[in-house]
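With the hints as your guide, set chain Y onto chain U.
Order-wise, the sequence lines are chains U and Y. All residue numbers for the first sequence refer to numbering that gives the first Met the number 0, where the first residue is 0 and numbers rise by one. All residue numbers for the second sequence refer to numbering that gives the first Met the number 0, where the first residue is 0 and numbers rise by one.
Wrong hints could be hidden among the right ones.
Claimed, not checked - Covered, in the sense of this in silico footprint (three residues per stretch, anywhere, with C-beta under 8 Å from a C-beta of chain Y), are these stretches of chain U:
1) 84-90
2) 125-138
3) 141-155
4) 204-213
Claimed, not checked - Facing chain Y, from chain U, some residues (calculated, C-beta under 10 Å):
5) 14
6) 93
7) 96
8) 169
9) 171
10) 172
11) 173
12) 174
13) 175
14) 177
15) 178
16) 180
17) 181
Said to hold, decoys possible - Restraint-style ranges between C-beta atoms, simulated for each label pair:
18) Y:158 / U:5: 23 to 33 Å
19) Y:162 / U:194: 39 to 49 Å
20) U:58 / Y:11: 21 to 31 Å
21) U:148 / Y:135: 13 to 23 Å
22) U:193 / Y:168: 52 to 62 Å
23) Y:135 / U:58: 50 to 60 Å
24) U:107 / Y:122: 23 to 33 Å
25) U:18 / Y:4: 34 to 44 Å
26) Y:143 / U:24: 58 to 68 Å
FYI, nobody ran anything at the bench for these hints, they're computed from the structure. Just so it is clear, CB atoms sit at the ideal spot from N, CA and C, and this is done for glycine as well.
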Amino acid sequence: MLSLVIWWVGLILDAVILFRSFRGRSFAKYPYFYTYFTSIVLVDLTRYFIYTHDPPAYRNWYWSTEFLSVAIGYGVILEILRHALARYPAVARFGSRILWTSFLAVLTYIACKSLTVTNWSAPATGAELERDLRTVQAFALAGILILISHYRIDIGRNLKGIITGYGAFIALSVMNLAVQAHAGASIQGVLRGFQSYSFFFSQFVWIAALWSYQPSPRAPAAGRPESDYETLSRRT
Amino acid sequence: MTSLILYCAIGVGLLVLLLLAVLRRPSRPEGSAEALLEAKHALRTLQLGLLPQELVGRFFARNDLEYVVANAPKATERLFLEERKHIVLAWIDQVRQQIARLQDFHFGHSRHFVHVSLASEIALAWEFATLRMVCRALYLLVYFRGPYGAQQIAGKMVAIAARVCALSEKSLAFLSPAESDALVDDSARGGAPV
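Just chain Y, with the same shape it has in the complex:
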């Protein structure tokens, strides 16, 4: 009976993959500047806007809650928890969207390279998949247990997101302005080194 279930699961799995492959939305223009800039923007938003340590720490800081609990009535405490939950959920949603953009860019981009290694592609796909899964789990936890119910997972999500951002930064490095040496007057009289 177990083998029957297993083989049926394989058949159903293949049908699902077929549906996903056939009904998928068409791909983006190959190598367009718009796609590159969008990925760069997503990376910047993640690194500077959504994942800085202080910001994430602030979302989950217990001292805010302790202050409200100590100094405000119950209704205010409830309102505070509700508002904080909405903020954290919006933050997770934003992270998820930017990660999806980065992922789209990566896998739309890497298919053109000849020297992509299978191991590194699997590793990157694994990182993206884990990150999106952790985002989803965190969203559900915050939704059901409130903003202070999943600090550890939030830390894990930030760590994986930082790793993914570092990898993305390498592939988008050419869009960052190069740091130029300061101009100094070191040319010999009558000649200018180029």
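This is chain U alone, in the form it adopts within the complex:
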């Protein structure tokens, strides 16, 4: 019963986020993020349908759709990269290198895993596999965050929200999946519930941050050229 309540609350929050994205006209501004989000909503709806109509099939469906959401999650990182670093070509180049390297790491990892694991959708290997894929995403996001902090790049409220919500979700997922993989099937149900709670946090952050469209600020402009000239000529 509780899991159904969580589900409904989650779906209501999803609906609020999507509604605000159309009202605030931010859907077109952050297309990758909202594509990710819409696909998460669709995945949630199909999961709900299967959970209520065909419970034995739920586990396999859960893990296959989970991998889909991990893959689409790269869209959010791409969105962060596109908006935060667009005005700084060299920094954006570093960022896209980080993103492509992590993407290549994921492909290599999946290729290696497919050679060693025969049953892909087995829930036993699911947590371990998702943990590793999320970890690669965590590294990609960490690289971009380092660039943002290092080059003192200003980000607006919308982007801050996207970064905080998705970053916190990834960080908590990595820890949660690590515990799941360590503890085995015995507490997987409880921990999956914890993952839903951590997604609630992200949803609340996204509702607050994406309520209306606010682009990333340009760094404050320097003073008038003539006053800059006066400052320079006075002190050199």
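Relative to chain U, chain Y alone:
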């Protein structure tokens, strides 16, 4: 168990980076003369005021201590060590502040350039990070072991700071007045070479 700790550390690390990125102070005005001059001032202070060899040598010179030990009572020796420690700590603090200013300028500035190479940026970031770490270590050593307990690290700090200053000098070179050739009367009669 090790892998569990490792993955949890990765998660916590990402959360810390998130906090740092979101709660960071806003950046300085882009390309303002004030920022350029501040960086130039920091560089000059480091090169001429804080890092000259004689000055650093004087801070850590043992002959001052030997003179006090030989000619003054114990209380004076203690006072001397205390005063010298305060001076050295203030010096390290000053170096640290000026280095932080230079670093702020560099990374606020280099983000605008298209042809910045990743390798050189990493190298510079590494130099700054090492320097700030060595400054901190030196501060702690002097604080706990006194002014004569960390001469080697002080030498290392000065060497790295000199390298960083040389790199900064290149990027701030346009603010230094160019050396002009001496005016000579070599123009031909009836014409002036321009």
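Status of each hint after checking the structure:
1. Restraint check on the segment 84-90 of chain U versus chain Y: 4 residues with Cβ-Cβ distances below 8 Å, three needed, restraint holds.
2. Given a C-beta distance limit of less than 8 Å, the hint that chain Y covers the segment 125-138 of chain U holds, as 4 residues qualify and 3 suffice.
3. Residue count for the segment 141-155 of chain U with a Cβ under 8 Å from a Cβ of chain Y: 11. That meets the three needed, and the coverage hint holds.
4. Check result for the segment 204-213 of chain U against chain Y: violated, 0 residues qualifying (beta carbon to beta carbon below 8 Å, three or more required).
5. With a least beta-carbon distance of about 26 Å to chain Y, the hint placing residue 14 of chain U at the interface is violated under the 10 Å criterion.
6. Taking 10 Å as the C-beta contact cut-off toward chain Y, the hint placing residue 93 of chain U at the interface holds, the least distance being around 6 Å.
7. Against a cut-off of 10 Å between C-beta atoms, the interface hint on residue 96 of chain U holds, since the closest Cβ of chain Y lies about 7 Å away.
8. Proximity of residue 169 of chain U to chain Y holds as hinted, the smallest CB-CB distance being about 6 Å (cut-off 10 Å).
9. About 7 Å separates the beta-carbon of residue 171 of chain U from the nearest beta-carbon of chain Y, less than 10 Å, and the hint is met.
10. With its C-beta approaching chain Y no nearer than about 8 Å, residue 172 of chain U sits inside the 10 Å limit, and its interface hint holds.
11. Taking 10 Å as the C-beta cut-off, the interface hint given for residue 173 of chain U holds, the closest approach to chain Y being about 4 Å.
12. The closest approach between the C-beta of residue 174 of chain U and any C-beta of chain Y is roughly 4 Å, which is under the 10 Å cut-off, so the hint is satisfied.
13. A least Cβ separation of about 8 Å between residue 175 of chain U and chain Y falls short of the 10 Å threshold, and the interface hint therefore holds.
14. A distance limit of 10 Å between C-beta atoms decides the matter here; for residue 177 of chain U the minimum to chain Y is near 3 Å, and the interface restraint holds.
15. With a least beta-carbon distance of about 7 Å to chain Y, the hint placing residue 178 of chain U at the interface is held under the 10 Å criterion.
16. Taking 10 Å as the C-beta cut-off, the interface hint given for residue 180 of chain U holds, the closest approach to chain Y being about 8 Å.
17. Nearest Cβ of chain Y to the Cβ of residue 181 of chain U: about 5 Å, under the 10 Å cut. The hint holds.
18. About 59 Å separates the C-beta atoms of residue 158 of chain Y and residue 5 of chain U, a value inconsistent with the hinted range of 23 to 33 Å.
19. Roughly 48 Å separates the CB atoms of residue 162 of chain Y and residue 194 of chain U, a value that falls within the hinted 39 to 49 Å.
20. Between residue 58 of chain U and residue 11 of chain Y, the C-beta spacing of about 30 Å keeps the proposed range 21 to 31 Å intact.
21. Look at residue 148 of chain U against residue 135 of chain Y: about 19 Å separates their beta carbons, and that is inside 13 to 23 Å.
22. The hint said 52 to 62 Å for the Cβ distance between residue 193 of chain U and residue 168 of chain Y, and at roughly 54 Å that hint holds.
23. For residue 135 of chain Y and residue 58 of chain U, the hinted distance range of 50 to 60 Å is satisfied, since their beta carbons lie about 52 Å from each other.
24. Take residue 107 of chain U and residue 122 of chain Y: their Cβ atoms lie about 28 Å apart, and the range 23 to 33 Å holds.
25. Between residue 18 of chain U and residue 4 of chain Y the beta carbon distance is about 42 Å. The supplied range of 34 to 44 Å therefore holds.
26. As the Cβ distance of residue 143 of chain Y to residue 24 of chain U is approximately 59 Å, the hint placing it in 58 to 68 Å holds.
In summary, the numbered hints that this structure violates are 4, 5 and 18.
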